[in-house]
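Colleague: So you can see what is in the structure, the chains are spelled out below.
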Amino acid sequence: MQTLEAMNVFVEETGGWVASQLEACTRCGMCAEACHFYQGTGNPEYAPVWKLELLRRAYEQRFTLTGKFKLLLGIDKRISDEDLDHWSEINYYACTVCNKCSMVCPMGIDLGPLLHEVRAGLAAAGKVPDDLMVAVNKQIEEGSPLGMTSEVWDSRLEWVADDWDVVIPRDVKGADTLVVFSSIEVMKFPSNIAAIAKILNKAGENWTVSSKAREVVNFGFYEGSEEHTKLFLQRVLDGAKELGVKRIVVTECGHAYDALRWLAGNLIPEANDFEITHITGVLGELVGSGRIKVKPGFFDENDSGTITFHDACKIQRRGGYIKEPREVLNILAPKSFKEMTPNREEAICCGGGGGVIAIKAADPMRYAAFELKIEQVNKVGATTVTMSCSNCRLQFTDGVEHFNLDWKITGLAQMVADAMED
Amino acid sequence: MNWNAFLEFVRGPLFQVSLLVFVAGMLYRLVRVLMLGWSRDNVPSKGSKGGGVVKSFLKSILIWPFIPWVKRTFSKNPVIYLAGGLFHLALLVVLILGTAHMLVWKSLLGFGWATLPLPMVDWMAAVGIAAMVALLIHRLVNPVMRLISGPSEWANWTLVFLPMVSGYMLTHHMFFRYEVLFSIHMLVVDILLIWIPLSRISHFIFYFFARTIHGVEFGKRAVNP
Amino acid sequence: MPEETVHQYLQKQGVSRRDFLKICGALVGALGLTRMPPFDESGLPGNLKHTSVKPIDMVRHALETKPRLPVIWLEFQDCAGCSEALTRSHSPTLVNLVLNSITVEYHETLSAAAGFQVEEAKQAAMKKYAGQYILVVEGSIPEGDGYCTIGGKSALDLLKEAAAGAAAIIATGNCASFGGIPKARPNPTNAKGVWEIITDKPIVNIPGCPAIPEAFTGTLANFLIFGSLPELDGLRRPKTFYGNTIHDRCLRRPFYEAGKFAESFDDEGARQGWCLYKLGCKGPTTYNACATIKWDAGLSFPVQSGHPCLGCSEPNFWDGGGFYQGQSAPLNRPAVTVVGAAAAAGIVAGAAMGAANQSQKKSAARKSKKQKDA
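Residue numbers (our numbering), protein chains in the order written: chain U, 1 to 422; chain V, 1 to 225; chain L, 1 to 374.
No lab work stands behind these hints: they were computed from the structure. Do not take every clue at face value.
Unchecked claim - So the derived list for chain L, only partly shown, Cβ under 8 angstroms to chain U, looks like this:
#, residue
1, 357
2, 359
3, 364
4, 365
5, 372
To be verified - Below, computed lysine to aspartate or glutamate pairings styled on DMTMM-like, alpha-carbon distance capped at 20 angstroms:
#, chain 1, residue 1, chain 2, residue 2
6, L, 367, U, 5
7, L, 372, U, 5
8, V, 55, U, 346
9, L, 361, U, 60
10, L, 362, U, 60
11, V, 106, L, 19
12, V, 106, L, 319
13, L, 370, U, 227
14, L, 54, L, 19
15, V, 49, U, 275
16, U, 77, V, 153
Each residue gets a CB set at the ideal place from its N, CA and C atoms; glycine is no exception.
Looking at chain U on its own, in the form it has when it is part of the complex (with noise of 0.2 angstroms):
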C-alpha cells in the first residue's frame, strides 16, 4: 500500500533534526509570503507549510502521544493514497526547493531539506509526477535526463571544441581540476561550454572533463529518492577518482552543486576527500586575483541598457557566492548593472528549479511564479538578465518567449569570456 511506503520514509528520516523543527512551527503562515508559488497564483494550498502537512502528520501519529489523541478524536486524518496524490501535485508542481521560506520563519526553521523529505517519502510511494519519472529513469539508463549518451556528449563536444576553436581536455589522469557540466549547458548552451573552456585555458588552470562523470544534474535529487541522487553522485566521484583530481568544479547549474557541495559528503564519505567549488567562485577568484584580463566596463560600451544579476538560489542563497557576481559586473558593466529588488540571499525564485520546468502539468505555476520576476526585472529596467545557472537560463528563455518579452538573457561565465583581452 503506498501510504505504507512513504509512511516507512518518514518515520525512517524523522530524527531530532527534523522533529524539533516540526516542533517548532506555530502555525504562523509567514512562509506562504515568501513563497512565489503563493504570491503569484494566491492558492493557499501552496503555502510551505502545507506542503509539509505529510511530514508533519507522519511526525505528529506515529511519534507523539497528542497526534495519537487526535486521531482517535477524528481532530486529525491518517494520510490516504488520494492525499499521497494530491501533495505530491502541491509538492512537485508548486515547489522549486528554493528555501526562501526558511528565511521568513520566525522560529527560523530550514523548510527545504524538510520538503525534500516529503519528496522522499512520495518518491518511495511512487507518486512522482510521469515527465519527472521519465527524465530520471532516462538518468538512469543513459546517464543524463536529457538523453545525454557518452556518444552524444563526445559528439557535442567534439562540435563544440571545432566550431569555437576552443580545447577542451578530456579524461586527463592527473588533472587538477574536474570540471562536470551540466546537460542543459552542453545541449541547450553549449556556447557556455566554450565560454568556461576558453576561460580555464586562458588562466592557465590544469583541468578536464570525464565521460564517466560527463553529467552534473541530478534528478535524483529533484526526485527525492536518496538511492538514485546517490547513484547520480557515485557517478561524478568515480569519475573524480579514476583521474585522481584535486578539486571538482561544478558549472552552471545550481541544484547540482547544492546536492554535490553540501548533500554527498554526508551521503557518501569519499566526496569529502575533494574540493568542490563552484564556478561562479573560480570566476571571482580569476577575475578578481587578475589571472584572466577582461576589459573593464564592456559591456557599457555597445549602450545595450541596464544588465541585472539574477540570484540562482542554489547558488546564492543556498550556495554563498553573492559577492563574485557583483565582482565581476562591476567590472564589466559598472554604469549599466544595477540590482533588482530584492536580490542577494533575498532574491526570488526564477520558478523553474526543483524539477518544475521539466513538468509540462507544472506550466502555469511556473509561469505565474514567473511574473513575479517580470515585475522586478521591469522595476529595475533592465534588458539583459544574467545569471549563473543554466536552468534558471532556460527558465528565463522560455519566459521570455512564453511572454513575448524583449529581454537578452545571458550568463556569467559567457559574459567574462565575452569580455576577455585576448
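Go by the hints and put chains V and L onto chain U.
Modeller: Then chains V and L, alone, in the frame of chain U:
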C-alpha cells in the same frame, strides 16, 4: 459561589498540580525529541557555523520584532511580524518586568529583581491585547491561516488571551470584585500551564533548536541568515 | 413585667435628654442610616413603619421602647483579643453607648466571678432570656475531643447548648468566624468557625484579628434598633463594614497606581509612604473597614503605620502564602523534591517514548533496506 474558597483552590493546590504537569510535560517533550537521534555533518563548511548561529538569533530578536522591513523577504505582510513581535514583547514586559508577576517568580525562585513602573507595564499589556486581537483577525481572514489552523490553534489563542485579558481587568478592577477576577485569572493560567506541554505553545523551547539549525545551515554556506 | 428600656437605663446613668438625642444621632451616623432608601424599599421590619420616616426618630423610638439586649458571650479557642479591643475602645459616645444598651450576662474574661457560680449564672440567664439573647462567640471551636473544655464540658457542647436559645449569633473575630489561628496548618484541633457547626440560627461573622470594635458594636446596634441582622455578604459579614476592600479605600492607593512600591521596611519608599504591595500587603483581597474606620478611634491602621495588611478578616489568612510574600504569588509551592520527582517522571516518560520511537525508526530502516535489496 464562594469566590474566596475558589481563589484559595486555584492559587493553591490547582496551581501546584498545573506547575508539576508543566514541568513533567515539557521535559517529556524535550527528551522525546532529543532521543530521535542526531546525525553528524561531515561536510566541510564554507563559512562560520557559529557566526551564523549568532546572526540567526540576533536577527530574530533585534530586527524582526522592531524593524522587519530591513529584511525584504516579508514585504507582503508586516502585520504578522509586528503584531507577533509586539505580543511577545508585551509578554516579556508583563511577565518578567511587571511587579505582580515578579513576586510570583520571587516566591518560586527565591530571588526577585527590579521592575518597570506600573503605567508602563500596563500600557504594554494593552498593546499585547491589541496585538492578540489583530492576530486573531488575521487567522480568521487570511486564506493560508484558515487552511493550516485547527482546533489546537484556536485553543492556543484562547488560552493565551484569557490570562492577558483577565489580568488586565484584575489590575484595573474592572466590572467584577477583585477576588472574582483573581480567581478567573489564576484558573485560566493553571489551564494554560497544563495546555502548554500538550500544544505548539512549547515552541518557545524548540525555537532554540530551529534557530540554531537555521544559523548553522546558513553560516556554513557563508550566507547571512 | 416591662423591662427597663435602654432610655430608662441611660437616664439612670445620668444621661440627659439632650445627650440622649445626640446619642441617637451618633447611632444614625454609625449605621449609615442617613442614606436609607424609602421605607418600603428599605427591607426594614414592618413593625417600625408607624414611626416617622426620619432615621433619628426610628432610633429614638427603638431606644425608648426596647429593653437592653441580653448578651451571652462565650470564649473558646481564643486569645480574648476581640474582647480586649472592645474594652480598650475609645469611642465614648458610640461603643460605650452600645455597651450600655446591652447587658452582658456572661463573659469569662470580664466576669469578676469565677467557677461554678458564674456557670450557674449563665444557665439562669439562658433560661430567663430564652429566645431573646444574643450569643456572642469568640474563638474557634475544636471538633476534636478534649482540646477545649470549660467546667468539664466540651466547647462543642457548650456552643450547641447556648445556640439553642439564642435569637442570633455574632461570631466575633476571625477565630469564631473562620477558625482563625487554631485552624492554621496543620490544624491539629480540627478547629472550625461557628457557622460551620450551627446551621439553624441567624449568624453574623465579624472577622478580623481582632475584629474592629465599631464593626461589632455597629452590628449589635442594628439588632437593637431593627431587631434583625444587617445585610450580609457571602461570608456572612455585614456589608456596611465589609463591603469594600482595604485596597479600595487605602490611603496609599495612588502609589499603587503609580507603581511606587516600598522595597523593604524603612527604606526611602517606605518612609515616603509608598504602597506596600511588594512587602506582602493583602489589601486587594481583604474586605474590612480598617482603611476607613481605622483603629483607636480612627487613629491609624496597619498600612498607614507602615505594615502590610495581613488579610485578617479573610478565611485562612494564616495559610495565605505568608505575610511578607507578594499577594500575587501562589499560595503553595510544590517542594523541590516534588518538582524533582515530576521532572524525573517527565524525563523517564520521554525516554520511554523516545525509545519506542527509535525502535519504530529502526524497523522502518530495516523495511526499506529489505526493499532495496529485493
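Colleague: Look at each hint and say if it fits the structure.
Modeller: Going through the hints against the structure:
Taking 8 angstroms as the C-beta contact cut-off toward chain U, the hint placing residue 357 (chain L) at the interface holds, the least distance being around 5 angstroms. At a threshold of 8 angstroms, the smallest CB-CB gap from residue 359 (chain L) to chain U is about 11 angstroms, leaving the interface hint violated. Because the closest C-beta pair between residue 364 (chain L) and chain U is about 4 angstroms apart, less than 8 angstroms, the hint holds. Against a cut-off of 8 angstroms between C-beta atoms, the interface hint on residue 365 (chain L) holds, since the closest Cβ of chain U lies about 5 angstroms away.
For residue 372 (chain L), the interface hint holds, the least distance from its beta-carbon to any beta-carbon of chain U being 7 angstroms, beneath 8 angstroms. Restraint check for residue 367 (chain L) and residue 5 (chain U): satisfied, since their Cα atoms lie roughly 9 angstroms apart, inside the 20 angstroms limit. Restraint check: the Cα-Cα separation between residue 372 (chain L) and residue 5 (chain U) comes to about 12 angstroms, which is no more than 20 angstroms; the hinted pair holds. For the hint pairing residue 55 (chain V) with residue 346 (chain U), the CA-to-CA distance comes to about 15 angstroms; that is within 20 angstroms, so the pair holds.
The straight-line distance between the Cα atoms of residue 361 (chain L) and residue 60 (chain U) is roughly 14 angstroms, inside the 20 angstroms bound, and the hint therefore holds. Distance hint between residue 362 (chain L) and residue 60 (chain U) is fulfilled; the C-alpha atoms sit about 18 angstroms from each other, no more than 20 angstroms. As the CA atoms of residue 106 (chain V) and residue 19 (chain L) are separated by approximately 57 angstroms, the hinted pair breaks the 20 angstroms bound. Distance check on the hinted pair: residue 106 (chain V) and residue 319 (chain L) sit about 18 angstroms apart at the alpha-carbon level, within 20 angstroms; holds.
Restraint check for residue 370 (chain L) and residue 227 (chain U): satisfied, since their Cα atoms lie roughly 13 angstroms apart, inside the 20 angstroms limit. Using a Cα cut-off of 20 angstroms, the hinted pair residue 54 (chain L) and residue 19 (chain L) holds, with the two alpha carbons roughly 19 angstroms apart. Among the hinted pairs, residue 49 (chain V) with residue 275 (chain U) is consistent with the structure: their alpha-carbon atoms are about 19 angstroms apart, no more than 20 angstroms. For the hint pairing residue 77 (chain U) with residue 153 (chain V), the CA-to-CA distance comes to about 16 angstroms; that is within 20 angstroms, so the pair holds.
Consistency with the previously given hints fails for numbers 2, 11, ordered from lowest to highest.
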